[in-house]
Amino acid sequence: MSRFSKTLIALLVAGAATSAMAFDRYQGIGRPATTAEVKAWDIDVRPDFVGLPKGSGNVDRGIELWETHCASCHGVFGESNEVFTPIVGGTTLKDIETGRVEALVTGSSPQRTTLMKVPTVSTLFDYIQRAMPWTAPKSLSPDDVYAILAYLLNLGEIVPADYVLSDENIREVQERMPNRNGMTTDHGMWPGASAAKGGIGNGGKPDVKNVACMKDCKKEVEIVSALPDYAQDAHGNLAEQNRPVGQTRGKQTGAPSEPAGDGKQSAAAATLALANEKGCMACHGVANKIIGPGYNEIAQKYQGQADAEAKLIAKVKNGGQGTWGAIPMPPQGHVADEDIKRLVEWILEGAKAQ
Amino acid sequence: MANIDTRPGRVRPAPENFLTDEQIAAVKDGRRDFLRKAFVTASAAMAVPAVARAAGEGDPAILNLPPWSTSLGQPVAANPYGMPSKYERGLQRRESPGLTRVGGSSVAFTPLQGLFGIITPSGLHFERHHQGWHDVDPSKHRLMINGLVKTNAVFTMDDIMRLPSVSRIHFIECGANTGMEWGNVAVPTVQYSHGMISCSEFTGVPLKEILDMCGADYKKGRFVLAEGADGSSMTRTIPMELIESGEVLVAYGMNGEMLRPENGYPLRLVVPGVQGVSWVKWLRRIEVGDKPWATKDEAVHYVDLMPDGLHRQYTSIQECKSVITTPSGGQLLLDKGFYNISGMAWSGRGKVTRVDVSTDGGINWRQARLETPVLSKAVTRFNIDWVWDGKPAILQSRAADETGYVQPSYGQLRKVRGTKSIYHNNAIQSWKVVESGEVSNVQVL
Numbered sequence: 001m002s003r004f005s006k007t008l009i010a011l012l013v014a015g016a017a018t019s020a021m022a023f024d025r026y027q028g029i030g031r032p033a034t035t036a037e038v039k040a041w042d043i044d045v046r047p048d049f050v051g052l053p054k055g056s057g058n059v060d061r062g063i064e065l066w067e068t069h070c071a072s073c074h075g076v077f078g079e080s081n082e083v084f085t086p087i088v089g090g091t092t093l094k095d096i097e098t099g100r101v102e103a104l105v106t107g108s109s110p111q112r113t114t115l116m117k118v119p120t121v122s123t124l125f126d127y128i129q130r131a132m133p134w135t136a137p138k139s140l141s142p143d144d145v146y147a148i149l150a151y152l153l154n155l156g157e158i159v160p161a162d163y164v165l166s167d168e169n170i171r172e173v174q175e176r177m178p179n180r181n182g183m184t185t186d187h188g189m190w191p192g193a194s195a196a197k198g199g200i201g202n203g204g205k206p207d208v209k210n211v212a213c214m215k216d217c218k219k220e221v222e223i224v225s226a227l228p229d230y231a232q233d234a235h236g237n238l239a240e241q242n243r244p245v246g247q248t249r250g251k252q253t254g255a256p257s258e259p260a261g262d263g264k265q266s267a268a269a270a271t272l273a274l275a276n277e278k279g280c281m282a283c284h285g286v287a288n289k290i291i292g293p294g295y296n297e298i299a300q301k302y303q304g305q306a307d308a309e310a311k312l313i314a315k316v317k318n319g320g321q322g323t324w325g326a327i328p329m330p331p332q333g334h335v336a337d338e339d340i341k342r343l344v345e346w347i348l349e350g351a352k353a354q
Numbered sequence: 355m356a357n358i359d360t361r362p363g364r365v366r367p368a369p370e371n372f373l374t375d376e377q378i379a380a381v382k383d384g385r386r387d388f389l390r391k392a393f394v395t396a397s398a399a400m401a402v403p404a405v406a407r408a409a410g411e412g413d414p415a416i417l418n419l420p421p422w423s424t425s426l427g428q429p430v431a432a433n434p435y436g437m438p439s440k441y442e443r444g445l446q447r448r449e450s451p452g453l454t455r456v457g458g459s460s461v462a463f464t465p466l467q468g469l470f471g472i473i474t475p476s477g478l479h480f481e482r483h484h485q486g487w488h489d490v491d492p493s494k495h496r497l498m499i500n501g502l503v504k505t506n507a508v509f510t511m512d513d514i515m516r517l518p519s520v521s522r523i524h525f526i527e528c529g530a531n532t533g534m535e536w537g538n539v540a541v542p543t544v545q546y547s548h549g550m551i552s553c554s555e556f557t558g559v560p561l562k563e564i565l566d567m568c569g570a571d572y573k574k575g576r577f578v579l580a581e582g583a584d585g586s587s588m589t590r591t592i593p594m595e596l597i598e599s600g601e602v603l604v605a606y607g608m609n610g611e612m613l614r615p616e617n618g619y620p621l622r623l624v625v626p627g628v629q630g631v632s633w634v635k636w637l638r639r640i641e642v643g644d645k646p647w648a649t650k651d652e653a654v655h656y657v658d659l660m661p662d663g664l665h666r667q668y669t670s671i672q673e674c675k676s677v678i679t680t681p682s683g684g685q686l687l688l689d690k691g692f693y694n695i696s697g698m699a700w701s702g703r704g705k706v707t708r709v710d711v712s713t714d715g716g717i718n719w720r721q722a723r724l725e726t727p728v729l730s731k732a733v734t735r736f737n738i739d740w741v742w743d744g745k746p747a748i749l750q751s752r753a754a755d756e757t758g759y760v761q762p763s764y765g766q767l768r769k770v771r772g773t774k775s776i777y778h779n780n781a782i783q784s785w786k787v788v789e790s791g792e793v794s795n796v797q798v799l
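Protein sequence lines correspond, in order, to chains A and B. Per the working numbering, the very first residue in the first sequence carries number 1; after that it's consecutive. Per the working numbering, the very first residue in the second sequence carries number 355; after that it's consecutive.
The following residues of chain B were derived to be distant from chain A, with all beta-carbon distances above 12 Å:
| id | residue |
| --- | --- |
| 1 | G410 |
| 2 | P420 |
| 3 | P421 |
| 4 | S423 |
| 5 | Q428 |
| 6 | I473 |
| 7 | M612 |
| 8 | K705 |
| 9 | L724 |
| 10 | E725 |
| 11 | T726 |
| 12 | E789 |
Straight-line Cα separation of at most 30 Å, DSS-like style, residue types lysine-lysine; simulated pairs:
| id | chain 1 | residue 1 | chain 2 | residue 2 |
| --- | --- | --- | --- | --- |
| 13 | B | K705 | A | K209 |
| 14 | B | K645 | A | K39 |
| 15 | A | K315 | A | K289 |
| 16 | B | K705 | A | K197 |
| 17 | B | K745 | A | K215 |
Just so you know, the hints here were simulated from the structure itself, not pulled from any lab data. Backbone N, C-alpha and C define an ideal beta-carbon position, used for all residues, glycine too.
Work out the full structure, taking the sequences as your base and the hints as a guide.
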């Protein structure tokens, strides 16, 4: 049988259903996809709602789902700026009427939220369905996505609190998106055909024109911006970010890092890598709080407590809340016991990178 | 040792100053064992500029034979996968503190300040992930083609790697490269200001070959959606014209080996001239369609805010740009005299045709040498001689491409696009040199 590849066999089986591919040149390569396979992966939703699954969900159900799956990172009202920029805020009832977010024109909002920018409601449906929650993407059913989206739209006052969003009325919602008229494709940076020829944009015409002047191009040189003093050492010691030989050296902008004792260094670095791999760093910084406390804060809190290690191992495994605030840590049961032990020991020893 | 003055324009310390009093005494006594110790701390010693002039009898680096000349070295395959010298460890990918909030949706910048030529070592290729990276099992990876095609199809890595392959050198630049600098200087070095560009040789199959096999409807299907297999399942719309040109590759190879996991192992899209976000990593699906998709990263991000409050959507081309990588921000010139100003230039519209360099902040310019190869939609290395007289200077480079487009100044760019666009900042970069030899990041209109 060795002359017959598995793909070839699959092809013979599946081939009955579909017209043959243009295999003439590349015989034995690739096979037709089954309907179920295409359905499993083809989840995209376009602005014209091609690809939108049937379903519905209301704002109340959305609140419930949001609080369980989304609020820890995005805030209860989608306002949080801790893990990512805010989703909700900065839009007005007037924007909903005009389809242009005024704060983008006046620059009055300190930050651009998702609702201020997004022109198409399909984008939100598509993205939440494919990518959120961040640590468990593709776990929501279409009805869940409708409900969560209804809640987000309600926070932006785009739909009322008793709204049931569905595949049937989502087109009406599109007509209320605050920035639906806020995009332009009149530019020269689309690498395909121009709008006039069925593509996008002006066909590649640049918007800025410079000439290669060589002599006496201007009278004087005005420096309009320089690195502020406080930012000089914000990126660490630049001397250590440059080669120790050559025509230049890096400037000393901080204390040289301590020379490392080798064995210990790699063990700590490996544990940090483990914390990254197991997703702990999505919620914990070494020095700073993200959703959960910073590791250094944890080490400080439990300093000198002999039973801390066992207690924390159990807590990480089973999850829990209340020690640091109302936000729960989900159970980390997907992490092997010995890895949890290693991580907790490392945290209590100061969570060193090296 | 730590206090040695590394500023230029002054007499270098005599070689004795490399040694402690104790070591000098040891030399006088004729004892050599300190040399072994000196070898152990070699990396520390190398932080001090080497001495050009011999003092006394001569340079100890010549007079005293070093251990590598007088002992047996390590055997072959001591490092089965070779790593750079330990003296090179300063050159690493680094994050810019405060730029992002979580490492899974962040950027690690390439240390351009220490790189030569046009190829980025794979381990230093910049990273940008939206939902972390995975090391995908290649035997379980699939590429699906669907949409406006005669046959929806599935390919394994075995299938794809059996097809005729091409290898091509191209740059990949994130659309947000230099984005922190739109309004003002924000970062100290070229790693952070320009380090979201890399250039590699990619090996793979033109996507057109695969779409041909599946019987793509090229009449109706003028847009293609590329989708990743990671958590974010990154999606981007690509124009069919680019695919028909044969330039867009479904690539598995990078610089002679497989792609690195951080760069999409085992399969990524290569879209020459177009911003990095479209080079979808862990590529799992290509859909042919008749309209663009307005995905999250083409409707909420990677949209350029203009002064009138409108966002430009589907901006994809990386326009002509260049930057001097040495001397550059955060570096020190060791002394007056000759320097080789070196940098990189690129254009998403084709080949770089010239690069001009100014040392007086843009009043006068000289044409730099373009080193070979000069390839379309690839990084081109440029070099130019410079004798530094010890006086203040402002170094700039300005590239032009085969369409006649000339890289703009900050003044020209801001006049049209304001300062809040985030994306596609290709302005001329300025590095200020002061008498002490310190080089720093400044902006000149």
